[in-house]
Amino acid sequence: MVALVIAEHDNASLKGSTLHTVTAAAQCGGDVHVLVAGSNAGAAAAAAAQIAGVSKVIVADAAYFADGLAENIAEQVLALAGSYSHILAPATAYGKNILPRVAAKLDVAQISEITKVDSPDTFERPIYAGNAIAYVQSSDKIKVITVRSTGFDAAAATGGSAATETVAAVADNGKSAFVGRELAKSDRPELTAAKIIVSGGRGMGSGEAFKILEPLADKLNAAMGASRAAVDAGYVPNDWQVGQTGKIVAPTLYIAVGISGAIQHLAGMKDSKTIVAINKDPEAPIFSVADYGIVGDLFDIVPQLVAELG
Amino acid sequence: MKVLVPVKRVVDYNVKVRVKSDGTGVDIANVKMSMNPFDEIALEEAMRLKEAGKVTEVVAVSCGVTQCQETLRTGMAIGADRGILVETAVELEPLAVAKLLKALADKEQPQLIILGKQAIDDDSNQTGQMLAALLGWPQATFASKVVLEDGKVTVTREVDGGLETLALTLPAIVTTDLRLNEPRYVTLPNIMKAKKKPLDVTKPEDLGVDVTPRLKNLKVVEPAKRSAGIKVPDVATLVAKLRTEAKVI
Numbered sequence: 001m002v003a004l005v006i007a008e009h010d011n012a013s014l015k016g017s018t019l020h021t022v023t024a025a026a027q028c029g030g031d032v033h034v035l036v037a038g039s040n041a042g043a044a045a046a047a048a049a050q051i052a053g054v055s056k057v058i059v060a061d062a063a064y065f066a067d068g069l070a071e072n073i074a075e076q077v078l079a080l081a082g083s084y085s086h087i088l089a090p091a092t093a094y095g096k097n098i099l100p101r102v103a104a105k106l107d108v109a110q111i112s113e114i115t116k117v118d119s120p121d122t123f124e125r126p127i128y129a130g131n132a133i134a135y136v137q138s139s140d141k142i143k144v145i146t147v148r149s150t151g152f153d154a155a156a157a158t159g160g161s162a163a164t165e166t167v168a169a170v171a172d173n174g175k176s177a178f179v180g181r182e183l184a185k186s187d188r189p190e191l192t193a194a195k196i197i198v199s200g201g202r203g204m205g206s207g208e209a210f211k212i213l214e215p216l217a218d219k220l221n222a223a224m225g226a227s228r229a230a231v232d233a234g235y236v237p238n239d240w241q242v243g244q245t246g247k248i249v250a251p252t253l254y255i256a257v258g259i260s261g262a263i264q265h266l267a268g269m270k271d272s273k274t275i276v277a278i279n280k281d282p283e284a285p286i287f288s289v290a291d292y293g294i295v296g297d298l299f300d301i302v303p304q305l306v307a308e309l310g
Numbered sequence: 001m002k003v004l005v006p007v008k009r010v011v012d013y014n015v016k017v018r019v020k021s022d023g024t025g026v027d028i029a030n031v032k033m034s035m036n037p038f039d040e041i042a043l044e045e046a047m048r049l050k051e052a053g054k055v056t057e058v059v060a061v062s063c064g065v066t067q068c069q070e071t072l073r074t075g076m077a078i079g080a081d082r083g084i085l086v087e088t089a090v091e092l093e094p095l096a097v098a099k100l101l102k103a104l105a106d107k108e109q110p111q112l113i114i115l116g117k118q119a120i121d122d123d124s125n126q127t128g129q130m131l132a133a134l135l136g137w138p139q140a141t142f143a144s145k146v147v148l149e150d151g152k153v154t155v156t157r158e159v160d161g162g163l164e165t166l167a168l169t170l171p172a173i174v175t176t177d178l179r180l181n182e183p184r185y186v187t188l189p190n191i192m193k194a195k196k197k198p199l200d201v202t203k204p205e206d207l208g209v210d211v212t213p214r215l216k217n218l219k220v221v222e223p224a225k226r227s228a229g230i231k232v233p234d235v236a237t238l239v240a241k242l243r244t245e246a247k248v249i
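Chains L and Z, in that order, give the protein sequences. For the first sequence, counting from 1, position 149 maps to 149 in this note's numbering; every step adds exactly one. For the second sequence, counting from 1, position 1 maps to 1 in this note's numbering; every step adds exactly one.
FYI, nobody ran anything at the bench for these hints, they're computed from the structure. Each hint should be verified, as a subset may be incorrect.
Only pairs whose alpha carbons sit at most 20 angstroms apart, straight line, appear in this in silico SDA-like list of lysine to any residue [claimed, not checked]: (1) 273/L x 244/Z; (2) 16/Z x 262/L; (3) 219/Z x 69/Z; (4) 20/Z x 244/Z; (5) 145/Z x 232/L; (6) 116/L x 232/L; (7) 141/L x 120/L; (8) 273/L x 219/Z.
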């Protein structure tokens with residue numbers, strides 16, 4: 001049994017989600033290979049070879065792999081698929097985009113967003129916004145799986161010394177073209193990788209009000225997130241959304257400010273180690289999952305918290 | 001140009017589902033069912049393209065039990081010109097749905113298929129991408145903006161950390177994210193009109209598709225409950241607890 005992990009990377013470096021996926025792959029019971037399909041992605045491939053527990057890195061390099069177009073990357077995975085018992089990718093926008101194409105062409109079911117490997121053919125995955133956990137068994141010859149990062153520890157980024165093999169790149173599909181990318185520039189940690197997250201909800205009342213959270217995030221070196229209500233109201237960018245259909249996070253500390261706690265939001269953050277809720281409504285559902293709650297006006301409490309942290 | 005919009009009947013967004021005590025699944029008897037919210041957004045987008053004169057026909061498709069006809073009627077009340085139900089009592093996995101939709105696409109020859117990015121029941125996020133692969137079409141998932149012109153579709157996608165724009169040749173697959181549009185309210189006159197629109201019913205066998213499930217659901221359980229903690233009286237207590245009790249700062 002050998003598992004293939006589709007690395008998520010930006011050619012220069014690996015994304016953290018790749019490390020969590022390697023851990024899940026190792027739990028499937030065999031060797032772990034990593035595919036780095038990119039353009040001039042030598043640095044990403046070198047990083048993959050360093051991951052503890054990886055025995056081989058496969059590199060496919062072509063200009064048309066630069067932007068991770070699903071059509072091309074999926075085709076490259078399919079060219080290699082026959083040698084593997086498991087094919088895994090992170091359950092991020094990147095992996096979710098690519099992997100179902102692979103499963104469909106292999107004529108196998110995909111098992112999405114697993115949070116646990118029970119055995120090489122049985123996996124746990126949340127359904128209904130995390131309100132139920134399904135134990136799913138696959139009898140397909142190749143198991144195609146996306147991995148929820150919060151369910152698995154990150155594999156050590158160093159300590160490995162995998163062999164690197166270069167394979168021929170598949171032909172360009174040519175039916176989709178990359179036009180451009182607008183990534184938010186931020187000095188803060190990435191939401192899904194942050195140890196601490198400060199999140200705001202509808203209770204913030206305006207986009208301007210989110211500024212009150214910045215000193216708190218600065219002090220804690222935290223990422224900033226939001227509930228769907230705050231994103232829908234246009235207070236903050238879409239990619240800040242934590243929840244069932246946004247980002248799934250599990251930081252050490254999650255501070256929910258002015259968030260009532262709809263089930264769809266809780267689905268995205270209830271695996272956080274410690275949850276703090278600040279809300280003026282003592283009946284808000286967020287208090288039912290919070291370790292520590294403070295009832296009061298966030299515009300009084302947040303500055304006090306910043307001061308208290310010193 | 002014809003657009004196909006698949007719509008799924010799911011447990012309503014506001015229902016808090018309960019796991020059945022025998023562990024066989026969640027209890028969906030007597031709970032409110034609705035159209036998957038992402039599919040509503042897909043249908044709304046198709047209607048806007050039609051109203052802008054870029055699309056001539058919008059066909060809503062559903063796969064599943066007889067009651068999916070209600071979901072299709074809702075789709076036609078939103079504005080779809082007609083509906084197709086692929087009726088089966090088998091619990092359909094995304095791969096099976098993708099195969100059924102491929103068979104329908106081969107018949108109907110749409111230039112664009114707009115789907116919701118995921119259904120809020122099984123949270124799979126697979127069908128659109130699988131359908132694209134089976135048809136050999138390009139895809140743009142998680143769309144927040146769709147521009148259809150000059151024989152191609154340009155789509156802005158929500159990706160981790162921001163936005164990305166792709167241009168696809170037609171025919172193509174688009175899957176919708178939450179912020180693509182705000183679906184319209186269904187009005188009573190449109191509900192009445194929808195009752196008269198054509199709704200065809202077919203079966204997986206008629207389409208030559210084997211929909212047998214590939215995965216075995218061993219059991220479904222409640223997630224580990226997180227117990228409520230305490231309310232602290234002031235910020236000083238909170239910071240002290242975070243430092244000494246939780247040890248997270």
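Numbers of the earlier hints that this structure fails to satisfy, in rising order: 3, 4, 6, 8
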